[in-house]
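> Kindly generate the complete structure, drawing on both the sequences and the hints.
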Amino acid sequence: MLKRRLLLAIGCTLTCVGLGFSSIAAAQDMTKASLRLKWLPQAQFAGFYVAQAKGYYKDEGIDLTINPGGPNVLTENLVAAGTDTFGLSGGTDSVFAARDKGLPVISIGISHQLTPFVFVAKKDGPVKTLKDFEGKNVTTWFTGSNYVLFGMLADQGIDQKKVKIQPQQVSVTPFVDGDVDVVTATWYNELNTIKSRVPEDNLRLFVAEDYGITFPRDTLITSEKVAKENPELVKAFLRATLRGWKDAINDPKGAVDTVMAVAPTLERPHQEAMLTEAARLMEAGSAKDNGLFTIDMAAVQKAHDFLLKYEVVKKPVDLKAAFHPEFLEAIPLSDRKL
Amino acid sequence: MTSTHALSDLPRAALRGVLGVAIVGLIWEALVWALNVPSHTMPRPSQMASAVAATPDAYLSGFLRTLVETLIGFAAGAIVGIGNGVLFSKFTRLRQMVFPLFVVSQTIPVIAFGALVVLWFGNTMLAKSVIAFYLTFFPVTVNTLVGLQAVNPKQEALLRSFGASRWQMLIRLQLPTALPQIFVALRLASTLSLVGAIVGEWFGDTTGLGVLLLQAMYNENMVGLWAAILASALLGTTFYGLMALIERTCVFWRNDL
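Going line by line, the protein sequences match chains A and B. First residue of the first sequence? That's 1 in UniProt numbering, and the numbers climb one at a time after it. First residue of the second sequence? That's 1 in UniProt numbering, and the numbers climb one at a time after it.
Keep in mind that the hints were calculated from the coordinates and are not lab data. The structure displayed is predicted, hence computed values, not measured ones. We put the CB at the ideal spot given by N, CA and C, even for glycine. Take the hints with a grain of salt, since some may be wrong.
[Claimed, not checked] Chain B side only, calculated, beta carbon under 10 Å to chain A, not exhaustive:
1. W120
2. L214
3. Q215
[Claimed, not checked] Quick list of simulated restraints, FRET-style, between CB atoms:
4. A:D159 / B:L26: 51 to 59 Å
5. A:D59 / B:L10: 56 to 64 Å
6. A:D63 / B:L31: 46 to 54 Å
7. A:P167 / B:A14: 44 to 52 Å
8. B:L31 / A:G61: 56 to 64 Å
9. A:P126 / B:V103: 49 to 57 Å
10. A:R268 / B:L116: 30 to 38 Å
11. A:E229 / B:A112: 27 to 35 Å
12. B:S105 / A:R197: 40 to 48 Å
13. A:G61 / B:F99: 48 to 56 Å
14. B:L10 / A:E200: 52 to 60 Å
15. A:E229 / B:F102: 40 to 48 Å
Spelled out as C-alpha cells, the structure:
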C-alpha cells in the first residue's frame, strides 16, 4: 500500500515537473523580436498593432515588441546596429541612403506604393500652376519630400533656385495663416489637418505622379544578419503583418480602437481618415495585382535613377542586394491580396 | 529662524502657493474667454482639465513613469556627484586627470547623447534614467567640490590637533560645511533630471509625459500639449519643493532660505 502511494507520488511529481518543463519549452520556442516604426503610434501603423493585439505574431512564434519612432530616431541605424530586429523606415530613398553609407540593412517589403507626399496651395492664393512656385514661399521636409519637389520642378523645367524653399516646421499653421504659399503634406496626416482648417474646395493639390514621379515609401527593413541567419523569422513576421493589415483594412473602426488603446490621446476622426488614406496608398499600383507590401522593382529602379541623377545617392546602389522580395514571395499570393 | 519655526510655516506657505495657482488659472480662463483667443493658440485651463479627464490613465501612467525615471536618474546623479566631489577634493591628481573629461562630456548636446543612449540601452527605463543622470551628476560634482574647498583650514587644523581621522574630518566637518552648497546643486538637479527623463522619452517610447508632449506636438493637439506641459510642471515643482523642504530640515542652521 505504502509502496503504491509512493509510486503515485513519484508519478505525480514527474508529471508536474514534465508539465513545468513543457511550459518553459513553449515559452522558449517564442523568438523575441522588435519592430521599430518610423513615427509615433498612429493609424498609419494600424496593421502592426492589430496583428500584435490579435496575437498573430504569437501564432507565428514571435514575441514582438513594437517600438515607436520619433523625430530623433533613425530606424535604419537601429536595425543595422541590431537594437531592433525589423523596422518600418522612411522609404526607398532612406534605404538607398543607408546602403550608400554601407549600413547592412535590406528591404523586405514596401508599404506605400505611391508617393505619400502632396504639395498644397490655396485656390484663392497666388499659386495656380507649378510654374507659379517661382518666387513664392514653399516649405518642405528635408527628409525625402524635398527630392520629390525638386523632381517635379525639374520635370517642368523650373529652376529650383528661383523657388523660396524653406524647411518645414511641425505645424501647418503658417500655411493656414497665409505666411507660406505652398506646404508639403502627407495624404494620410497633414492633409487631413489642413482640411479641418481650410475648406477643402479652396485647396489646390500638386501630385507627384502627375509629373511622372513615384516615390514608394514606408519600407519594411531588417538587417542582412537576421535575413541570413533566420529567414524563417522574416517570413513569419511578414505573414503575421499581412494578416494584421488585412484585418485593419477590412475593419478600420476596430483597427483605430486598437491604435487608440496604445495612444489614448489621439483624435479618433483624424485617425480614421488617416487609415483610409494609408490603405489607399498601400493598395495602389503594383499592390493591386501582387498584394500588400509588394516590392515593385520597376518603381524602385525609377526612384533610384532619379536620386542618382540629382546626386542625392553618390554611386549606383546594387538594388538586387538591397531589396529582397523572396521572403514575401514565399507566402501564397492569396494571403497577400485583400 | 529655527527649524521647527520653518516647518510650522509650511502648510500656510503651501496654501498660499495653491491659492496663487488657482488665481492665475481663473484669470487665464477669463482672459482667453473674454478675448476670444482660439484654442489652438492658447486653450483654457478647463479645456485642459477635460482633456486629462477624457484619458486619465494616459496622464497618470505617464506621470508615474516619468517620476520613476527622474528619481532613479536623480538618485544616481546625486550619489555619483557627491562621491566625485569628495574624491576630487582629496586627490588633486585624480581631479586634474578626470575633471576635464567631465567638462567635455557636458559639452555634448543632450539630443546627440540621447541618440547614442537609445542605441545602447534601447527603449528601456534605464535609458531615460541614464540621460537624467547625465544631466545631474555634473552640477552636483562641481558644487560638492566647491563646498568642500570652502572649508575653513583653521577648523580643519583644530580637528586634526584633536586627533580626528580623515573619515571623521569628512563626516563631522567637511561635508556639513559643504552641505548648503550641495543642496543648491540638488535643487538644480531635481529639475534637470526631469528634463533628462522627458528628453529621453523623445527617442521612441510609449509611456511618459515626454511621450504625451511629443504626440500632442506632432498632432497639433494644443490642448493636449498644454495639459502635458502642466503635468510636467506639476511634477517638477513638487520635486523641487520636496528638495527645498529636505534642505530646510537638513541645513537647519542656515537662516537665509
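> Each of the hints needs a verdict: does it hold here or not?
Hint check results:
1. Of the supplied interface hints, the one on B:W120 holds, with its beta-carbon coming within about 8 Å of a beta-carbon of chain A, less than 10 Å.
2. Checking B:L214 against chain A: minimum C-beta separation of about 6 Å stays under 10 Å; hint holds.
3. For B:Q215, the interface hint holds, since its Cβ comes within 10 Å of a Cβ in chain A; the closest pair sits about 5 Å apart.
4. Under the hint 51 to 59 Å, the C-beta atoms of A:D159 and B:L26, about 57 Å apart, fit the expected range.
5. Taken as a hint, the range 56 to 64 Å holds for the pair A:D59 and B:L10, whose Cβ atoms sit roughly 58 Å apart.
6. Checked against the hint of 46 to 54 Å, the C-beta distance between A:D63 and B:L31 comes to roughly 52 Å, which is consistent with it.
7. Between A:P167 and B:A14 the C-beta distance comes to about 46 Å, which sits within the given range of 44 to 52 Å.
8. Checked against the given bound of 56 to 64 Å, the beta carbons of B:L31 and A:G61, roughly 59 Å apart, stay inside it.
9. Checking the proposed 49 to 57 Å range against A:P126 and B:V103 shows it holds: the Cβ atoms sit about 53 Å from each other.
10. Remark: the range hint 30 to 38 Å for A:R268 to B:L116 is upheld by a beta-carbon distance near 37 Å.
11. Look at A:E229 against B:A112: about 32 Å separates their beta carbons, and that is inside 27 to 35 Å.
12. As the Cβ distance of B:S105 to A:R197 is approximately 45 Å, the hint placing it in 40 to 48 Å holds.
13. In this structure, A:G61 and B:F99 meet the distance hint of 48 to 56 Å, their C-beta atoms being roughly 52 Å apart.
14. Range check, B:L10 to A:E200: Cβ separation about 58 Å, and the 52 to 60 Å hint holds.
15. Judged by the Cβ atoms, the range 40 to 48 Å given for A:E229 and B:F102 holds: they are separated by roughly 41 Å.
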